[in-house]
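Each chain, written out:
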Amino acid sequence: MDFRLTKEHEAWVDEVRAFLDEEFDADAREAVRRGGGEWGGDVIRAFRGRLVEKGWLSLTWPEEHGGQGRSMVEQVLLMDELAYVGAPSIDMTSASVAPAIIRSARPEQRDRWLPPIRDGSVEFAIGYSEPDSGSDLASLRTSAVLDGDEWVIDGEKIWNTGAEYCTHEWLACRTEPDAPRHQAMSVLIVPIDAPGITVQGITTWRGMRTNQVWFDGVRVPAENLIGERGHGWRYVTQALAFERVAIGITGGLRRLVDDLTAYCRATEVDGEVLADRPEVERALAGLEVDLELARLLNHRAAWMIDAGRVPNAEASMTKVFTTELHARASTVALDVLGPHGQLDPYDDRSPLAGLAQLMYRAAPYLRFGGGTNEIQRDIVAQRGHGLPR
Amino acid sequence: MDLALSDEQEALRESARGFLGRAWSTSRVRGARTPDGAGHDPGLWREMAALGWLGLAFPGAVGGGGGDLLDLAVVFEEAGRALVPTTLHSTVEAALLIDRAADDDQRAVLLPPVLSGDRIVSVALQEAGMRSSPAAIATTASRDAAGDGVVVDGTKLFVPNAGVADALVVVARGPDGVVLVVVPTDSAGVVRTPLQTFAGDAQHMVAFDRVRLPAHRVLAGGWPAVAHVRRDATALQCVEMAGGARAVLDMTVQFVTDRHQFGRPLGSFQAVQHQVADLSMRIDAAWLAAWQAVWRCAGGADAEGAEREVAIAKTAASDAYVDATLTAHQLHGGIGFAVDHDLHLWSDRARWAAATHGTSDEHLCSLGQLSQPRRVS
Ligand SMILES: Cc1cc2nc3c(=O)[nH]c(=O)nc-3n(C[C@H](O)[C@H](O)[C@H](O)COP(=O)(O)OP(=O)(O)OC[C@H]3O[C@@H](n4cnc5c(N)ncnc54)[C@H](O)[C@@H]3O)c2cc1C
Numbered sequence: 001m002d003f004r005l006t007k008e009h010e011a012w013v014d015e016v017r018a019f020l021d022e023e024f025d026a027d028a029r030e031a032v033r034r035g036g037g038e039w040g041g042d043v044i045r046a047f048r049g050r051l052v053e054k055g056w057l058s059l060t061w062p063e064e065h066g067g068q069g070r071s072m073v074e075q076v077l078l079m080d081e082l083a084y085v086g087a088p089s090i091d092m093t094s095a096s097v098a099p100a101i102i103r104s105a106r107p108e109q110r111d112r113w114l115p116p117i118r119d120g121s122v123e124f125a126i127g128y129s130e131p132d133s134g135s136d137l138a139s140l141r142t143s144a145v146l147d148g149d150e151w152v153i154d155g156e157k158i159w160n161t162g163a164e165y166c167t168h169e170w171l172a173c174r175t176e177p178d179a180p181r182h183q184a185m186s187v188l189i190v191p192i193d194a195p196g197i198t199v200q201g202i203t204t205w206r207g208m209r210t211n212q213v214w215f216d217g218v219r220v221p222a223e224n225l226i227g228e229r230g231h232g233w234r235y236v237t238q239a240l241a242f243e244r245v246a247i248g249i250t251g252g253l254r255r256l257v258d259d260l261t262a263y264c265r266a267t268e269v270d271g272e273v274l275a276d277r278p279e280v281e282r283a284l285a286g287l288e289v290d291l292e293l294a295r296l297l298n299h300r301a302a303w304m305i306d307a308g309r310v311p312n313a314e315a316s317m318t319k320v321f322t323t324e325l326h327a328r329a330s331t332v333a334l335d336v337l338g339p340h341g342q343l344d345p346y347d348d349r350s351p352l353a354g355l356a357q358l359m360y361r362a363a364p365y366l367r368f369g370g371g372t373n374e375i376q377r378d379i380v381a382q383r384g385h386g387l388p389r
Numbered sequence: 001m002d003l004a005l006s007d008e009q010e011a012l013r014e015s016a017r018g019f020l021g022r023a024w025s026t027s028r029v030r031g032a033r034t035p036d037g038a039g040h041d042p043g044l045w046r047e048m049a050a051l052g053w054l055g056l057a058f059p060g061a062v063g064g065g066g067g068d069l070l071d072l073a074v075v076f077e078e079a080g081r082a083l084v085p086t087t088l089h090s091t092v093e094a095a096l097l098i099d100r101a102a103d104d105d106q107r108a109v110l111l112p113p114v115l116s117g118d119r120i121v122s123v124a125l126q127e128a129g130m131r132s133s134p135a136a137i138a139t140t141a142s143r144d145a146a147g148d149g150v151v152v153d154g155t156k157l158f159v160p161n162a163g164v165a166d167a168l169v170v171v172a173r174g175p176d177g178v179v180l181v182v183v184p185t186d187s188a189g190v191v192r193t194p195l196q197t198f199a200g201d202a203q204h205m206v207a208f209d210r211v212r213l214p215a216h217r218v219l220a221g222g223w224p225a226v227a228h229v230r231r232d233a234t235a236l237q238c239v240e241m242a243g244g245a246r247a248v249l250d251m252t253v254q255f256v257t258d259r260h261q262f263g264r265p266l267g268s269f270q271a272v273q274h275q276v277a278d279l280s281m282r283i284d285a286a287w288l289a290a291w292q293a294v295w296r297c298a299g300g301a302d303a304e305g306a307e308r309e310v311a312i313a314k315t316a317a318s319d320a321y322v323d324a325t326l327t328a329h330q331l332h333g334g335i336g337f338a339v340d341h342d343l344h345l346w347s348d349r350a351r352w353a354a355a356t357h358g359t360s361d362e363h364l365c366s367l368g369q370l371s372q373p374r375r376v377s
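Chains as they are written, first to last, in our numbering: chain A, 1 to 389; chain B, 1 to 377.
Rather than coming from a laboratory, the hints here were simulated on the basis of the structure.
There's no promise every hint is true.
Unchecked claim - Calculated Cβ distances over 12 Å to all of chain B for the following chain A residues:
#, residue
1, Asp27
2, Val152
3, Gly196
4, Ala313
5, Gln376
6, Pro388
Said to hold, decoys possible - Coverage of chain B stretches by chain A, computed from C-beta distances (three or more under 8 Å per stretch; other residues unrestricted):
#, segment
7, 5-17
8, 208-216
9, 252-263
10, 290-299
Where a beta carbon is used, it is the ideal one built from N, C-alpha and C, also for glycine.
Given only the sequences and the hints, what does the whole structure look like? Please build it.
Here it is in structure tokens:
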């Protein structure tokens, strides 16, 4: 047993930090902060380009696929550091879709899709949710029918984050209408500029944009069906397990707790240093405990992947624990900060540069996104402990 | 990073679980809960000693097995599952304290009979009005005016297993600060009174009324030795608690699988599953934190800063174990509330453990003082 980062890991963290000092300067930080989560913004796109050049979007891929063959723990450390400085993170194309392709796609499909993902020219919007199929994903209705050597797609997706700037859709759809629910689904790759696709923006509370997407007789070549027909459920749940480990990252929370602690030590209210108030000290210590627990659960899930296991219950645990903590920690922070906590990030009087309120408004999304926490708890109980469905 | 136990440790776990499954049952746990607080099972004790558990983390020179804190933690986790009497903790903690604070001669005399199971020892630290500050220790160890010995005076509370202990390591105030005195419990002037706690376990008030002892009973190490060993013992206890919490979770999962209402197993109801899931998550987190703390204390990394991990682990373990038992009571409904049912045996142990080696409240306070912003840029 060894809880320590290896020398290699530590060197990796140093390398990442040095890179971020260089590449994610105050201007970039400011642009991200003011953008309020506009993930398609110029600064973010440019920064993403730098991550591509470093090969960090394909960090964990095997070398034979042009990756760096590094561990999932290293990817999680990278994501922690990115989140810590408020930089855009490894997106779902790299964190969730690419690992699914590597594990499940046919060899020629890997050759076709991995290189352009690696060089940043292919980026996926993730098309799982539909207006009537959220948590009950297996009930989805968007259909694909084989016509000669093309799939013809009809249906409607919602919450397709990034569809306005992504190049492709990673689309879950029904291809086997007569099969049982969990064997009815396949995954198709669909160019977003294909005729018959309409993308319409939806603005969310946190300020970020997401989209509704319609498919009307959209045609893609037969070989765009990933892996095998009717096995889509397995690929999607596998991709979601990776996504949940990525959502369980704790670097952003670390930043919140660090900044809040520093603020409380440096700020007097009613003539008393905030951190000297027992209830504040206690609240901060409570966050410190839960944050360490969240980190352990997240790093465990990554370590399991490195050990060749697919975390199921464990991926759900890190997702639930971290995202519940997001809600709790940002609530604690806003309570401690009082009225100042409401100020917009670009107001110079805004404490912690608006971090607390940004995280507060992101928290609901994190708790239901990537599979709601209720569904994750079902997974822990059913897959982790064998309780009946 | 490697969060798996070594093969040897896995083997040790398996054999410990197998042994306790055969040799120890909840009816014997009940048997050890006597009204006078004996809280001990001599038969089990001999067997555990024969397995080398008491000496697991001590060098061969004093009769130990030459392992480390991690090996001991494997055994403690299983002991926690199976509710092994707390004499195991208190004796190991006292032995660790002797090992750390004594000189070679004292060690050679004191430790072997303890590690072989022939003598039971415990630590007398807690006093009224004291939590963890050495400044609050009122028990005195003064020079014996009549000779070159020492005289101990004062009253200790919540001394674990004092009723069966052959000797106590008493933390007292000497002329130049905190000293440790090994006091045989049959010394003149030692009076042990069982405390009536709700768990009916073995905690005593021990009064020392001008107890005279020869000078070689005084150990050289003072408060730093106490603080160090308490840290290690706390980490071990966290693992023990995680083991207990998992036993409670397993038992509850089994119960909600077997018990039917409304024509379905209880465990098929989502409200039930979600309580199970939340517990499972908190227990896994506490387990990871506990092992991280033990690993740190064992010198796996710079042991500076181990206090932080221990404080986190104890808070998490106390909260998870108490929560596990309370949720288990809820999910068991009426049957789990009957004393004929085994559940409360763990509920009692959880509450004892949460109050021992620092409550969550105390650990949060110390954490408030310890934690600095880690990476302010
Ligand atoms: C900003 C944003 C970005 C998103 N990005 C993407 C994306 O890129 N791609 C994508 O495919 N999706 C995306 N999503 C969709 C997201 O994953 C879904 O919102 C989520 O899975 C929940 O589905 P739903 O909204 O239909 O809620 P519902 O499934 O209708 O659930 C509503 C509530 O009911 C509860 N509930 C539902 N079923 C059960 C049950 N069986 N037991 C107990 N409680 C239950 C849920 O837990 C939840 O609390 C995004 C959503 C948002 C808002």
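Cross-check of the supplied hints:
1. Asp27: Non-interface label stands for Asp27(A): nearest chain B Cβ at 15 Å, farther than 12 Å.
2. Val152: 38 Å, holds
3. Gly196: The claim holds: Gly196(A) sits with its nearest Cβ about 39 Å from chain B, beyond 12 Å.
4. Ala313: 7 Å, violated
5. Gln376: At roughly 8 Å from the nearest Cβ of chain B, Gln376(A) sits no farther out than 12 Å, so the non-interface label is violated.
6. Pro388: 4 Å, violated
7. 5-17: holds (count 3)
8. 208-216: Coverage by chain A is violated for the segment 208-216 of chain B (0 residues, Cβ < 8 Å).
9. 252-263: Since 3 is at least three, the answer is holds.
10. 290-299: Held - the segment 290-299 of chain B has 4 residues with a Cβ nearer than 8 Å to chain A, which meets the minimum of three.
When the structure is compared with the earlier hints, violations turn up for hints 4, 5, 6 and 8 and for no others.
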